[in-house]
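Position chain R relative to chain P; hints supplied.
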Amino acid sequence: MAELTVNDLHLKYGDNPILKGVALTLNRGEVVSLLGPSGSGKTTLLRAVAGLEVPHAGSIRIADKVVFDGATGLDIPAEGRNLGLVFQSYALWPHKTVHDNVAYALKLRRVPSADIESRVKQALTQLSLAHLAERFPHQLSGGQQQRVALARALVYNPPVILLDEPLSNLDAKLREEARAWLRELIVKMQLSALCVTHDQSEALAMSDRILLLNNGVIEQQGTPQQMYSEPETLFTADFMGSNNRLSGRIAEISNGAALLEGTGWRLWGTAKPSAKQGGEGTGLIRLERIRVASAQGENCLEAKLATSMYLGDKWEHLFELGANRLRAYGDRPLAEGRHWLALPREELWIF
Amino acid sequence: MTRSGVLGEFPRGLTILVTATAVLAPLSLILYQSLLSAPFFDAKKTVGLDAYAFIFADPDFWQAFLNSTLIAAGMTLIAVPLGGVLAFVMERTDLPGKRIVEPLILVPSFVSPMVLSFGYVVAAGPVGFYTVWANDLLGVAPWGIYSIPAMAVIAGLTHVPNVYVYASSALKSLGSDVEEAARTTGASPFRVAATVSLPLIMPALLFSAVLIFFLGIELFGLPLVLGDPEGHLVLSTYLYKLTNKLGTPSYHLMAATAMCIVAITFPLVLLQRRLLQNARKYATIKGKAGRIRELPLGRWKWVAAGVLGFWLFVAVIVPLSGIALRAFVTNWGIGVSLYEAFTLDNFKSVFDEPTQVRAIWNTILIGTVGGAITVACYTAIGFATHRRYDGWSRFIDYLVLVPRAIPGLLAGLAFLWVFLFFPPLTPLRTTIFSMWLAYTVVWLAYGMRLIQSSLLQVSTELEEAARTVGAPRGKISREITLPLIRHGLLGSWLLVFMIFEREYSTGVYLLAPGTEVIGAELVSLWQGGAIDVVAALSLINILLVGIGLAIALRFGVRLRD
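Chains P and R, in that order, give the protein sequences. The numbering of the first sequence is our numbering, which starts it at 1 and goes up by one. The numbering of the second sequence is our numbering, which starts it at 352 and goes up by one.
Next comes chain P alone, as it looks inside the complex (with noise of 0.2 Å):
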């Protein structure tokens, strides 16, 4: 069932129009990524759900709930919503212990006191915060805070929880246990969460389906594997993993299949919808997918090395292919000079 359901929302500040009809759906325990470059509309999409926001148009719904509508006027305000929030930067009030940032929402609720005792008790643990209960946030590492801001926003079991950038004010080493941890909690407690990121690795490891939006329309929305295996465009090819791009002319489409063309090289790959015959194409092709043959084959190109670099697990080699530059893991060095690239057809996609 449903826990969240935005319909067709459009959202402008003074005449800058922001989101120009989003629909998504949330369902009971899933955990659903907006994922989108900066100014694509996906912290204001999370913050209209908040209430912080006000669409002039649509709908959004919780549980059964309709809590903005366009139509009617009707705009039930941030504080009757009903929803958990953690913010990017965690606003913690800084004036109140742990205890009390976390018994606040319950306070506000008149929850007996004993009650809400236990209940804290019982979030601080989950998140094994309960020794930290009278610091104050200032006291308390960013992982710490991070697990604060969530136990606040959980406390009082809202029906859906909005988590906007949650990892991004961890340092690198930190975010990976993070994300595997919030993943695990999320799953764990059933919780149905909808989390904005702007990095796509942390979306395709934490989601069970991404929305992608691309200046204030979803562009496509699928589950991590589709998102990174079958994209329908090409922004949502180029936004997911690393790739290389190859620009040239298409020459022939059949089968599902696009042959294009540049200077001196001729690829077959699979034709994407918006591939048109006789026109401009361009082919793309995830990094760890292109591979350096040792002879001429099957879909194959040359170029000549422009520079080779060590990652520690693997080489990095950069090739020259007249306006293209290509780029190819290996796992050794490469001579100065020419090789041949492979790229399988299956793995090369036209626009």
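Hints are supplied without guarantee of correctness; some may be wrong.
One side of the interface only, derived from the structure: several residues of chain P facing chain R at Cβ under 7 Å [as the list claims (entries may be wrong)]:
| hint | residue |
| --- | --- |
| 1 | LEU52 |
| 2 | LEU74 |
| 3 | ALA78 |
Among the chain R residues that face chain P by a calculated CB cut under 10 Å, a handful are [stated by the list, open to error]:
| hint | residue |
| --- | --- |
| 4 | THR811 |
| 5 | LEU813 |
| 6 | ALA817 |
| 7 | THR819 |
| 8 | VAL820 |
| 9 | LYS826 |
| 10 | GLU830 |
| 11 | PRO834 |
| 12 | LEU835 |
| 13 | ARG837 |
I should point out that these hints are in silico values taken from the structure, not numbers from a laboratory. Owing to the predicted nature of the structure, the values given are computational and were not obtained by experimental measurement. Every residue, glycine too, gets a C-beta built ideally from N, C-alpha and C.
What follows is chain R alone, placed relative to chain P:
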């Protein structure tokens, strides 16, 4: 943005209503009175422009207008360059000992102008301490302090702090790299100041210039004390002298003069608002907030120290030492020895007189208890506009500017009329409440700046976090925002304490048995020629402000915005 229900809106509506009444009632009464041919309580009054016709036909009015303009222009020409240079020296150079000097620079802006002017009379007047000493040592004392140019110079020098605070905060937000670039091409420190730093903070200096000109038009204590001996009038003293001009209360003439003053000051206030917004915009564009490196002054050190030292001597040491000495001598003149004339009688006569003792208590009370209530009122108004971007917030924004344009003397007069005009309020006129109300309204714009800068420091997300966990607006204000700004509010209380101790002109017309405060008492005693008591009371007044200043410095309260 949100609908917090009738209960949520009730305190806000009430706050807006009370503020609007407190600000607009006195102003409308001045306007109404200025259009009558006689005081409002006179049965024979008629509506018309007679009052304006009278003052426009009075040559004294035009002379006062001219004098006001000359003094305001003169002090602007002195205070702005000097304040800019001092700010540069203090912010950007390696002048030794500048951290100790900094609080001293702000002193003239915390001492009552009435007290400062009195200090100049006893220190540098015809028989002042420094005049007599100079005559003894050099045979001449080449200065006079009672002419219009002299008043402009004194006003200019004592208003340097007002320029200094804006120029130095603009300099703080300007990266050092532009100055270092000038240094590497071979410019001397003062060349750098004149060709790079000061032009870059031009918007702040321009704002200060308008501010100083505006303060020049408002000037009251200084021309009252220094202009009197030679009979020079400015607009505010012209209005003050009108009180007794026709024998009977000439409220209509005073109101007409007041309207003329407001007609000059109100556009200046609006201009200041615009310029300040511009200056802030400019500062954020230029401000790299990079590390500020001090410019080595080298041999220019002595020039800088000389300018700073001379200014401190003339603007701070001369008047304050004059008062301190005068408070402890019976009399002073040529041939009198300080040692022989020493006495504590001046203080004794202050403490023997119940009126003066009451004035001291009232002054302390209005600064401490009154100041706290005032800060509470300002906070309520601050919350009425906090994070709300509707028409009512804009209305309040402009509303708080209105008292800024009404000099204290006029505001006090207007409140006197309010208390006389509305019979239910009349009994309150002889209580300290009337004084407190006038003070609170007069300093509304200043106080709101303090409160709003505290409120701005609270991150929006802290309040949004409270909303999302379910707190309604009123609860957020009380339980999240208010506790977070408590240090700012304590600082504001201290600053309000200091300005309330310093205030004098607002009380002039509200002075009555029961409402005595030191500032207004000084004006009245000075008119009566009681120099000894004035000296002792002035010193007590400086002491009260000094205590506030010491506490503020101790707790690191920012003395400026």
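Each hint tested on the structure:
| no. | hint | result |
| --- | --- | --- |
| 1 | LEU52 | holds, 5 Å |
| 2 | LEU74 | violated, 10 Å |
| 3 | ALA78 | holds, 4 Å |
| 4 | THR811 | holds, 9 Å |
| 5 | LEU813 | holds, 5 Å |
| 6 | ALA817 | holds, 7 Å |
| 7 | THR819 | holds, 4 Å |
| 8 | VAL820 | holds, 4 Å |
| 9 | LYS826 | holds, 7 Å |
| 10 | GLU830 | holds, 8 Å |
| 11 | PRO834 | holds, 5 Å |
| 12 | LEU835 | holds, 6 Å |
| 13 | ARG837 | holds, 8 Å |
The earlier numbered hint that this structure contradicts is number 2, and it is the only one.
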